[in-house]
Each structure stands twice: as structure tokens, then as C-alpha cells.
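Colleague: What follows is each chain in one-letter form.
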Amino acid sequence: MSPPVNAGPQTGTGTPPGNVNGQAIAITVFSTVKRWGVPWLKALVFNEPKLLPQTLLWLQKLSFIHFARWTLVTELPHNGAPQPRQKLRHPHLYFESNFNGGWEEYIDAFSYVLGPGMTAFWGSSYGFPGPVPTAPFKAYIQTSDLTLVASHFYAAYPESTVTMIEQSLELDGYLDELRAKVDKLSPDEFVEAFDALLAKGQRCF
Amino acid sequence: MLLKLPIPGPADLPIPGPRALGRQLIDTATSILDTNRAGQAYGFLAITPIRPGQEAALRATLAKIDRRQTSPFARIARTHFARWVVLEDFDTGADFHPQDEDRLGCQYLIFSACFDGDLDSWLDELIDELAPEIEAVWSHCIGVEPTAPADVKRYLLHNQQDSGLFYSAYPHATVPEVRRVLKAQRDLRALAVRRHELTPQELRDEFLEHFGRR
Amino acid sequence: MTKTDDARPAVTADGTPIELADIQGDILRAYGNAYDCTTYVWIGLTGGPQAGRDLVARLAEEVTSAAPWGGGKPTHHVNVAVTADGLRALGVRPHVIDSFSHEFRQGMKDRAERLGDVGRNDPEHWTTCFTDGSAHLLVTVNALTPKRLDEALARLRSVITETHGHTIVDEQAAKMLPGSREHFGYADGFAQPAIEGVSEEKTRGGGVPQSSGRWRPLALGEFILGYPDEDTRDDRERRLPSAPDAPLGRNGTYMVWRRLEQDVARFRRTVSAAAERYECGDEAKLRAKIVGRWDDGAPLSHYPDAPPEDTFDGRIPGANDFRFLDDDVLGAKCPIGAHVRRTNPRDALGWDGALSFRHRIIRRGMPYGPELPKRATQDDGQERGLVFACFNASISRQFEAIQVQWVTDGNVFGLGHDSDFLMGGEPGSGRSMVIQGECPFYLAPQDPFVSTRGGAYLFVPGLDALRALGVGHVS
Ligand code: HEM
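Protein chains in written order, with the working numbering: chain A, 1256 to 1460; chain B, 5 to 218; chain C, 95 to 569.
Since the hints were made in silico from the structure, they are not lab data.
In this text the structure is predicted, and so the values were computed from the model without any measurement.
Warning: the hint list may mix true and false statements.
[Claimed, not checked] Restraint-style ranges between C-beta atoms, simulated for each label pair:
#, chain 1, residue 1, chain 2, residue 2, range
1, B, 139, C, 143, 32 to 40 Å
2, A, 1334, C, 424, 20 to 28 Å
3, C, 218, A, 1336, 54 to 62 Å
4, C, 107, B, 190, 46 to 54 Å
5, C, 128, B, 73, 57 to 65 Å
6, B, 166, A, 1454, 40 to 48 Å
7, B, 61, A, 1336, 38 to 46 Å
8, A, 1277, C, 219, 56 to 64 Å
9, A, 1302, B, 60, 35 to 43 Å
10, C, 218, B, 190, 26 to 34 Å
11, A, 1440, C, 204, 52 to 60 Å
Beta carbons are placed, not taken as given, at the ideal position from N, Cα and C, and that holds for glycine.
All chains, please: the whole structure from these sequences, using the hints.
Modeller: Here it is, written out as C-alpha cells:
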């Protein structure tokens, strides 16, 4: 029997505190893109309406990212001396996301579910091992060198998750219906309408 | 391999969403016109060069700025998220690089924010409300006079990096709205628990008190 | 029940033989209901590394494996697990210790905040051996009768004395209450993961639910180190999941041990007071809604309105075969926040189970402390609760994910920051439970029912590995 071979890194090492604010976590990653990745990302991933909504739909359904952005950095503007003139030989993909916790516990799930989307975004980056098996992928994104640590991270509502916000927005729609007619209802009718609201909104808490 | 994105299994998640999903698709279309937008939200990113030798001083300055609800960004009520991150180099020595990886000639400061409405007025607010912090932070950077509002604005726009893609889970909800609906959710739940202790009249009164009429 | 007479060699799906004789007993299959006298003995290796290794070597001779018993039921079983402090106390080389998982090396106490062990659960309320680094070895003794247990414990004590200088730092007797109940009054011990080559007969209900309607068993590597897991089972390079350096990584696993005190009187008072306001049912139904099973164990998914006429038998095939998405997306039968729906959401999170299948544990918990008299609603000042014990190949991915994401928080289920109602919450936290249905019931913020009183992360070596530790091969 051959001895066990490590297929990946240790887990449970924790997110650097600099990237955490309440439930909110900041991810900032730069990866270097192979040259063919530029047309691929620009033409297909960022702009092609057929592929894109699918990936975004998954993000939406997974409901853990508040805001995210992908940016291809191909030049760094010059601001005069003493900034050295910076010519970039390679395109660099900047990714940032603001999302709620569960990060470590769920990396596996993300790679199963978002695997194809991740391949679309990062498949042209150097070193991207593919989303599955998950262990090498974890090694890739957990490499502290790739994931930058924020020096300041502000979140306006740090204790609220994406799902909570989406639910509250939906609930508010139902609340509005009752707000609109509350004056027309007798107290007893109101109780009935209130119960109907609680029944309708029961998945929004 | 890359071109075929399989459709996931039965994803009838028991969480709300269809409405939001429909909207998202429309937003995707509009954001193709301005890739920094998603719905009414704007994502701003600027990467500015740090003065050689001042990296540690900048980090120390940033470390002193309070992160929680007293973060200076809390003064601009329409800001959802914001961050400052120091980028030391592209070549981080890991195995994820081409042979001839780019080396940065100096370190850079990444500044990014997600907020409601348009960039122009947000930058004005930023420069207005965060004057002391802007001075403290960007005085360590090259190419800006951080006490001159017009110069700061010009500088941030000059160093802006446009998004390829900007995503928001709730592209139509502003910060105040998010806060309001979250509070409504908490209040309604508390009222639901007490529903049986209250007479119909009391229930109605409490409802009006918390949620008002329309 | 334990299979005692199955002579077929066990193999994983890819034909790898499962080395049952090297895997400690009670992990893959429970010793069974007959062994209902259990004592957990915690030992501090205060006599120095050599004396520690001598003790481990002696214990290794006693330990029972997962191999079929052959000649009838043994009267008792001894099993051994070791904490990271224990490995250090045994003089295991630092670079070998570094090959263990981060969370194991860190230990349960230092992960308290993440686990929700704050406030009433804070380590400052734990038995000191779990916070001062003196809990090194856990010896679990299971016996057929109290007399056999006493004999085995006496023997253990003499081994401890003979090998010099060790201290028993904690001893916890545990026993199923009549009717296989735990202290709140629910029958426990039904649902367990179905494992390829080990417990495939439980696949329906215990495996991974597939969108085709079928289920499939889990890979052995999810629970025992040294075998392919769900991630590497199809790996072309046949890499194995990360594990401690040889020979320790082979046939071992990680164990979580927690002493969870239960405030039974408070639980009864809270539930009966809430039942007064519960329009859609009575107290028995409300109790069932909290756990997802009626008191006798019958799942709400099968019996949404009333428990079965005859006492439910969880061992008959199909007893645990239920899902949530087919006809209970909204939780009208089994509430979305019910204990069993939280701790094993099966298909409830969508995505063909992708968000839940890697977060399964094998549970071997046991109640401790005297039963509170049947109708009592005032506390009698005696400590009672559950020794929560579970096995998994990755504590962070499996136990901690369940504890952190599913028990202590509700966000993935769309339940905000509500925690598991059965565990209770800190007063003032506002956490509670919504019981979904035609007339949804909004429970008041919960009281603290369950409090952590101690615990540790452990490694359960295979028998060869245990012997290697005993002779100092890794020191
Ligand atoms: C004092 C505390 C606890 C009590 C009284 C308790 C009680 C129960 C009961 C009555 C069941 C149903 C019986 C069964 O399905 O076998 C159950 C199932 C379960 N519990 Fe707990 N439990 C406690 C703590 C925990 C904790 C802390 C966890 C995990 C972190 C956990 C994980 C599970 C799992 C995984 C199941 C099986 C669910 C399934 O597969 O359907 N329990 N528990």
C-alpha cells in the first residue's frame, strides 16, 4: 500500500481578520492572465449575453455575494515622477467580492456548483487548477500570496447576509400591500390580513 | 471544455428570488453599456502608486482608521462597501505566474467602493466628507495634492480602472432602503411573536406605529 | 445492530480492501444497543513521554477493531483517541504533528468563538482539563452490563497505574435512557451516513440524494483516512485526501467530543408554554416540529400530522428514507429549522445536494447524568446532558460546518441568524424559530437549553498507528 499523498492543503486556517467585518468578508485577488484570455474574457465572459446570465444566475441563486467585480488591468496610468513608468507585459485579472461568511466551510460547494463559471473567469489565468477536485483549487485560492489582505474594509450593514436582505426586500413588498389598505380595515379584518401577511411572508425571516 | 457551461441540477432553492432574477437579467443588459454599473449601483476602482519609502507609513495610517460603524465611509450614507488594499507586487513568488511575470516598479494602493447613484456626486461627497482621511492616505501616494479637492477628483478618475463586469445581488436597493427593510423584518417578526397577546385594536395600532400607512 | 458474522471481505467502490482489522471499532458501525454502558476516561500523560508511550502500547493490546467478531459478543470494548496535546506529550516529532489538520492542532477550546462557544458556552465554564491542556488520551469503554463495565474500568485503572505517573483528569459515565431516549425525551440514534462497502443497506435515506430519485452511498474516505473521499474518488491521478504522515494517517480518523449540558426543566417549561399559543397542534406536535421527528423517532416527513400507531422502528429499511424538496420545500411538514433538517439537509439546499453531501458525520453520542423525573418542570440541581461524539475525516469541513453554518446560524436555510431551537440561545439574542405551515407559528426568542461544558478534538489512530505511537516510531 502506498502512503497517503496529500491532495491539498489543510483546511480550517481562517480568513485573515483584515478581510472580515462582522459577517462580511472581502476578497481581493490578482491573477495573471494568459494572452488568449483577453479576447476570451472581453468578448465572451464579460459581454456574451448567453454565457454571462447563466453564471450570474448561479451567483444569484447561491446568494452569498453582495457585490463582485472583475476587471482586466492592462495598464497602470502614469502620474509623473517618482512613479516608475509601468509597462505591463501581461494582462492581470482583478477580482473583488463582498460576501457573507461560510467561506471556508463552503469552498467545496462553490467549486461544485460554480465550477463552470469559475473556469470561465479564471480558466485563462496562470496556475488555475480547475475547480475539481477541490483540494488543489483550495490550495490555489488560499495561497495567501494571491489573496490580498485589506487594510481597511467597510461594510454598511455588516451583520446582514445577502439572503437576509433579499428576504427583507420581498417581505417589504408584502408589508406594502397591507400598508396600503390598513386604513380601510376594521380591527378584526386587520387581524385577518395580518395573519395572511405572516403566512405569505413566512419564508422571509 | 470552456464553451459548454452545463446547467445545474434542480435548483429550486427554497429561497426567494424569481423577481430578483428577472431583474438581474435586465440589469446585465444595461450594464453592458456602462460596465461599472449594476442597476442603480456603481462600482468604483482606482489603483494609485505609493511613494517609495512610504509604504509602512501608509499602512500605519490605514491601520489607525476605524473599521466598524465609525469608519469614515459611514459618513457617506450611500456607500455599501469600501476597501483599501496595498498591492506589493504581481510576482508573489508562488507558482501561479508566467516566467516573465510583471514586476511592479513601486507598490500600489487599491481603492474600491460600491455605492448608490452616480460616480461624480459620490466623489464630491467623498472629498467633502473624508477630507482628513483623504489627506492622510493619499499624501503617501504619487501625483496628487490631497488637500485640493479638484485635484483629488481628477487624480482618482485618472487612475480609475473600469470593470469588465460588476455584479450586485440587489442592484435596486439603496443603502437606506436595505437598512429600512432589514429593520422592518425584525420588527414584524417581533410583532408576530406577540400577536396573540394583543387585541385586534392593539395589533393594528402597533402595526401602524412600526410600519405606517401608504 | 452490529454485523457480527459477515465473513465477506469489505471493499470500497474501486475495489480497495477496507482494512477493518486496523480500524478501531465503533466508528463505522456502532457496537450496538446491547452495549449501553459507556464510560469515557480522560487521561493526562503526566508521567512523561516514555511512560505515555508505555501506556499507549498497553492500551493498543486491548483495543478492539472493526473486524467481524467471529466468536460471539465480547463483554466489553476499549477504544483510544488522542488530542494534539496528547501527541505532544507522547513526544511525537513536531513535523509529524504539523501533518495533522490545522483545527485538530489548534484544539476545540481555541476555536470556541467560531463554534458558538461563547457566553454560557464559554470555555471558562468548562471542566478545567479541557482548557488547561491536560486532557491527552480518551479511552472509551463500552460494556454489556454495569458489572462488565466496572471490571473493564478496574483493569484500565491498573494499566494506568502500572505504566506510572498518569492522571485520570475526567471520567464520564453515559447511558441511553430507557427507550433509547436522550434527556429531552426524544429517541435518538437513527440516522447515520451510508458508506460504500460498509453500510450500503442504509443508502436510501443515509446516502447522497440524487435528482434522479436515487441515492448513492458516501465514499469511505469521508470518514476514514487513507481512502478516496468524495473529492478524490474520481481523481485520475488517484491522489488521496490529506492525512497525517505515515503510518498515522492510515485507517485513522478525527473525533469530536463535547459535553453538552441540557436544562431539561427549562426546555419542558418553554415548550409547554409555547404550546398554549400553538393553534395548529398540541405540545407533542410542537416538540416534533422542533426536532423533525416525533418523540419515538418517527420522521415528520413521513408522519406530518400524527405519529404512527405502533412504536416507530428506525431500523427497518426505509425508516430514514425521506427528502425535503419533493413535497416539503416550504417546511410545512418538517420545519426548515428543525434539528434533523438543519444537521442533515439532505436535498433541501438544492443543487443536487452539492451544498450538503460533504458535511456528514457519524454520531456516537450518549446521554449522561440522571433522568429528570417525568413531569418535573423545575430543575433538581443535577447535571445531565449529552456526550456528543462524532467521527469525520475533516473536522473543519464536516463537524464544524454543521455546527457553525447549520446549528449556530440559519443563513444558508434562509433563516437569518436563527440558531437551532433545540440548542437554545442566549437570552436577548432574539434568535428563535418559525414553524412553517398554513398557520405559521412564530416561537418567542429561545432560552438557553443546551450549554457546552467541555470538549476536545481528537485523533483516533488505526491499530498499527497506535502501536507505532506506543513504541515511539514517530517520536
Ligand atoms: C444536546 C444536544 C442535542 C440533542 C438533544 C440532539 C438530539 C437529536 C435527536 C433527537 C436526533 C434525531 C434522531 C436521529 O435522527 O438519529 C438528532 C439527530 C441528529 N443530530 Fe442531534 N442533538 C444534539 C446536538 C447535536 C449537535 C451539536 C449536532 C452537530 C453539530 C447534531 C447533529 C445531528 C445529526 C447529524 C443528526 C442526524 C440527522 C439526520 O441524518 O437526519 N446534534 N439529534
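Colleague: Using the beta carbons of residue 128 of chain C and residue 73 of chain B, state whether their distance is inside 57 to 65 Å or not.
Modeller: holds (58 Å)
Colleague: Does the beta carbon distance between residue 218 of chain C and residue 1336 of chain A stay inside 54 to 62 Å, or does it fall outside?
Modeller: holds (58 Å)
Colleague: Against the range 56 to 64 Å, how does the distance between the Cβ atoms of residue 1277 of chain A and residue 219 of chain C compare: consistent or not?
Modeller: violated (26 Å)
Colleague: Taking the Cβ atom of residue 139 of chain B and the Cβ atom of residue 143 of chain C, is their distance within the range 32 to 40 Å?
Modeller: Taking Cβ atoms as reference, residue 139 of chain B and residue 143 of chain C lie about 60 Å apart, which means the hint is violated.
Colleague: Does the Cβ-Cβ separation between residue 1440 of chain A and residue 204 of chain C fall within 52 to 60 Å?
Modeller: holds (56 Å)
Colleague: Does 38 to 46 Å hold as the CB distance between residue 61 of chain B and residue 1336 of chain A, or does it fail?
Modeller: Violated: the Cβ-Cβ distance is about 19 Å, outside 38 to 46 Å.
Colleague: Is the distance from the Cβ of residue 1334 of chain A to the Cβ of residue 424 of chain C consistent with 20 to 28 Å?
Modeller: Between residue 1334 of chain A and residue 424 of chain C, where Cβ atoms are some 57 Å apart, the hint is violated.
Colleague: Take the C-beta atom of residue 218 of chain C and the C-beta atom of residue 190 of chain B, compute their distance, and say whether it sits inside 26 to 34 Å.
Modeller: holds (31 Å)
Colleague: Using the Cβ atoms, figure out if residue 1302 of chain A sits within 35 to 43 Å of residue 60 of chain B.
Modeller: holds (41 Å)
Colleague: Can the suggested window of 40 to 48 Å be confirmed for the beta-carbon pair residue 166 of chain B and residue 1454 of chain A?
Modeller: holds (46 Å)
Colleague: Lying within 46 to 54 Å: is that true of the beta-carbon distance residue 107 of chain C to residue 190 of chain B?
Modeller: holds (49 Å)
In the structure shown, a violation is registered for the earlier hints numbered 1, 2, 7 and 8, in ascending order.
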